[in-house]
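Here the structure of chain W is known, so what remains is to put chain Z in place on it, guided by the hints.
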Amino acid sequence: MDRLSRAAWLYMAAVLAAAAALLAHSFYVHPHLDLSVGPWILKLLVLAMLFLVCDSTPTTLTSRQSAWSPSSSATLAAVVMLGPLGAALVGVTSLLSVRRGVNLAQRAFNAAMYTLSAFAAGLTYQGLGGPVGVPDKLSFPAIIAPFAAAAAVHVVVNHGLLSGMLLLLPPPESARRARLDVHLPMLLAADLGYATLGLLIAALWSLVGPFAAVLLLIPLFVARWAIGQFAAQEQAYDATMAALCQAVETKDFYTRGHSERVSRGSAMLARQVGMHAERVEAIRYAGMLHDVGKLGVPTKVLQKTGPLTEEELAAIQLHPMRGLEIVRQIGFLEEALAGIMHHHERMDGKGYPLGLAAGEIPEFARVIAVADAFDSMTSTRSYRGARRIDEAIAELRKWSGTQFDPVLVDAFVSALEREGWNRPRSAVVPPGFAGGMTAQDHDDPTAPLRVVESH
Amino acid sequence: MDAGQLLLLAAAGLLVVAAVAQTASVGLTQARDAVAFGSLIAFGELLRLSLPGDREAAPIGSAGALGYALVLQIGLTQARQSAMQVVAVTAVGMIVGALPHLAAGRPAGVSGMASRLLALALVAFAFRPLSDVTMLSQHVWIALAVMAALIVAGWLAECMIRAVIRADALRAKFKVALVDEVRVQWQLGAAVGASAMLIALAADEMGLVALAILIAPLLVTQVAFRRYAGIRSTYLQTVRALARVTEVGGYVEDGHSSRVGKLAVAVGRELGMHEPDLLELEYAALMHDIGQLSLPDPIPGGATVLVSAEDQRRIAELGAGVIQQAGVLDRVAEIVRCQDRPWRAPDSGGPDSGGPGAGGPGAGSPEPGPPAGSRIIRAANAFDDLVGGSTDRDRTEAALERLRLDTAAQYDPTVVEALSKVTGRRHPGRL
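Just so you know, the sequences run in chain order W and Z.
Note that this note's numbering has the first sequence beginning at 788, numbered continuously upward.
Note that this note's numbering has the second sequence beginning at 14, numbered continuously upward.
These are computed hints drawn from the structure, not numbers from a lab.
Treat the hints loosely; a few may be bogus.
Computed footprint of chain Z on chain W, listed as stretches where at least three residues anywhere in the stretch have a Cβ under 8 Å from a Cβ of chain Z [to be verified]:
#1 923 to 937
#2 985 to 991
#3 1017 to 1023
#4 1061 to 1071
#5 1104 to 1117
Pairwise CB distance ranges, derived in the manner of DEER restraints [stated by the list, open to error]:
#6 W:E1121 <-> Z:R417: 45 to 53 Å
#7 Z:G243 <-> W:G951: 26 to 34 Å
#8 W:V816 <-> Z:V109: 52 to 60 Å
#9 W:A932 <-> Z:G243: 29 to 37 Å
#10 Z:H152 <-> W:A932: 32 to 40 Å
C-beta: ideal position from N, C-alpha, C; glycine also.
Extracted from the complex, chain W is given alone in its bound form:
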C-alpha cells in the first residue's frame, strides 16, 4: 500500500471521515453517556482487549494486506452487550493493533472500517428489537434472529469496504486480489462463524464473565493456526512445483521459464473469460505442468535441426499423453488433466493427440493452447529471435479459428492490454552451456515441425 492512487486516497479519506463523524455524532447524541460507569467501561475494556489480541495476530494469506483475523467475535459481542456505540469503540482499538508491517494509513483505514461495520451491525441489532445488555436465560431464542442479521451486516459492510479499497489498488495488488478470491468463500464462512462466537461470549458473560472469551480463544487460535498452515503449505507447494518444473526445463536453454509464463498467461486468460476462482487456480497448475511430458521425448529429437522422421514426430506428439501419465495421480480437477492432455488440439481438428475439433476440445486445453503459443512466439528460439508482442498478437489472430478459439484469442488480447506481459529477457546462450537447446519448437505456430516426406 505504498504508492496509492489519488482515488484510493480519496476513498480512504472518505471512510475515515465517515467513521469520525459517526463517533462524534454518537457522543453528541448521548451526552449523558458517562464513561466512568464501572461495569460498562469494564466490559468495553475486556472486549477491546479480546479484539486487540485477535487483531494483532492475524493469519497472513497471500500478502500482508490481505490478512485475516477472528476479531469480529469481539465486536459482535459488544453489539449485544454494549450497543452500537460500544461496538464502534471496540472497533476503534484496531488503531492500537501491534501487527507488524502495517503502516499508520492502513491502521487508520482498518480502524475506520471496523468502526463503521460494528456500528452498522449494532444499529441492525437494535432496529430488529435485540435487547442491549448481558443476555439472560430468557433472552433465548428470541435474541438469535436480530443477532444473525447483525452478524450478516457486519460481514457485508466489512468486506464491502475492503473490496472497495482493493479495487482501487494498483495492478500487482489486483493480481493478489485474484488469488484472494480463491480464499474468499473460506474467509466469509470464517467471519460468519466467528461472528456467532460473539453471541456466545455475551451469553456466557453472566455465568463465567470474561473467562468465556478465554475459552473461546482456544478454538479460534486453532482455526487460525490451521489456516496459517494451509497458506504456508500452499506457498511451499507452489514453490516446489515451480522448482520441479524448472528442473524439467533445464535441459533446454531456450524454453526456460516457459512453464511459469504459460501458467501465468493461462490464469490471466481464464480470469478474463470470467472463470470461477477455483478453476483459475486449477488452470494455473495445468499451465505449469502442460509440457512435463516433453521429458519423455529423446533429447536428440528435440535438438534435431533437420526434418523429423515419422517416428520422431510421433515421439513429440506423444508428450501430452506422457504428461497426463505423470500428473494423473495428483488430485487435481479432472479439467486440469484434460487441459494438459489436449493442449495441442486445434480448432480445425488437425491437432494431436486425438484430433478433437472446436467445441470437443476441453476449455482448459483451448486456454492453455493460446498462452502456450503466445509465449513460444515471444521467446527467443535458436532459429529466430523473439517476436514483438504486436507481431505475436497478429499471428494469434491469423490462426484464430483454425488453430485457436477465436473467442479466447480476443479475450487474451484484451487481457494483455490490461495486464501487460513480461517477455523473457532475450536469451543469449552462455558459452559452455552444458544443456542442449531446442532446434524446432513444437509450440511455435509460425514454424511447423518439418517432417521428412514419406513416399
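What follows is chain Z alone, placed relative to chain W:
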C-alpha cells in the same frame, strides 16, 4: 486385520451392545435432548476430516458427544442422562453418520469410530455420576476444572489407543507413534475440548440453541483443517508424481523412485524416526535422482550405484540445487546432497569412531557424517538398483549381503540391518 485392532473393535462392540441394551430397557431420559445431541454427533461423523498421515477425526461429532457427557443443565432443567445413555446416543449417532460414507463407497473407518467412542465412554463414566453432586452445579469453576481434567484424560487415552493400532499396522515403535499422534492431534484436540466445555456451559445458559450456534465456529475450524490436510496430501501426491519424470525420461528404471521412497520410509520407521522427519525423508527419497535431469543424456541402464563416484557426486549436487530452488525444502535438499557420501569418512576410520547409528560416524572426526536420511537413501537406493522390482528371495539376500560387505565404509550397518528386517517382511512398506 491386526490383533490390536480386533481387540479394540471387540471392546467397543461390547460396550455399544451393553449401552444400547441398557438404555432400551430403562427408556430414554429427556428424549428431545438426546435426539438433538445425537443428530449433532451424526452430522459431525458425516463431516469426517482426514488429517495428515492418513488419520481421521470428527471434531464436530467429538465435541458434541463430549458436550453431552459433560452437560449439567440444559436450559432450565437438569440434565439427567446416564453414562450408558451417553454412550448409546453417541454410538447410534456415529453409526447413522457413517452410513452415507459406506453408501458412497468410502471406508467405514470403524477403528477410528471405536477409539473415539472408548475415549468418550471414559469421560462419560467418570463424569455422569458426578452430575448430581451439588458442589459441581453450585460452583461453576470447580465444574470447569473437573471437565477440563477429564477431557485431557480422555484425549490422552484416545491417542494411546490410536498409537497402539498405528504402531501395529505400520510396524512403528509405540513411543514414537504416541508422540506423533499427540503432535498431530493436539491442536484439534484442544479445539474440540474447549468447544465441548463451551457446549456444556452454553447449553446451561441458552438451551439447545447452543448446539446450533457452536456448529458454526466448529465448521470454520473444520474447513480450515480440511484445506490444510488437502494441500498436504496434494503436495505429497505432486512430489510423488513429478518424481516420476526421471522414469519417463528414461533416466532411471520404472518405479524406482516410488520403491526407494517406500523402502526409505519403512527403514526410517524401523529406526524410530518421527513423522515430520519421515516426510522429509520420503520427499528426499522420491527426488533423489532429480539431478539426473540436468545430465545431457541418461546414463545407460540408469543404475546410479554402478556409475562413477564423480557422477554420483554431480547428480547429488544438481538434485540438491533443484530442490533448494523451491526455498522451502532446505533440509530435503541437504539429505539429497549427502546421499552419495559414505557413512564413514575414509580417513576417520577405526573401529571405535562413533557407535553404529549414533548420529553418524563422525563423532570423533571434525566433519560430521551425512544425515540419517542420506544414509538411509544411500542404502535403499543401492538395494533397489541391485534388486529392482523383483521380490525374489535369493536376489534380495544377495543384495543385502553385498551391502553388508560394504558396511565398513559405505553403508551404515544399522541402516542395512533395518533394511534387511524391512525387506524380510512380506509387505515392506505401507503408508
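A quick look at each hint next to the structure:
no. : hint                           : in the structure
1   : 923 to 937                     : holds (count 4)
2   : 985 to 991                     : holds (count 4)
3   : 1017 to 1023                   : holds (count 5)
4   : 1061 to 1071                   : violated (count 0)
5   : 1104 to 1117                   : holds (count 7)
6   : W:E1121 <-> Z:R417: 45 to 53 Å : 48 Å, holds
7   : Z:G243 <-> W:G951: 26 to 34 Å  : 31 Å, holds
8   : W:V816 <-> Z:V109: 52 to 60 Å  : 54 Å, holds
9   : W:A932 <-> Z:G243: 29 to 37 Å  : 35 Å, holds
10  : Z:H152 <-> W:A932: 32 to 40 Å  : 34 Å, holds
Hint check: a violation occurs at hint 4 only; the rest are consistent with the structure.
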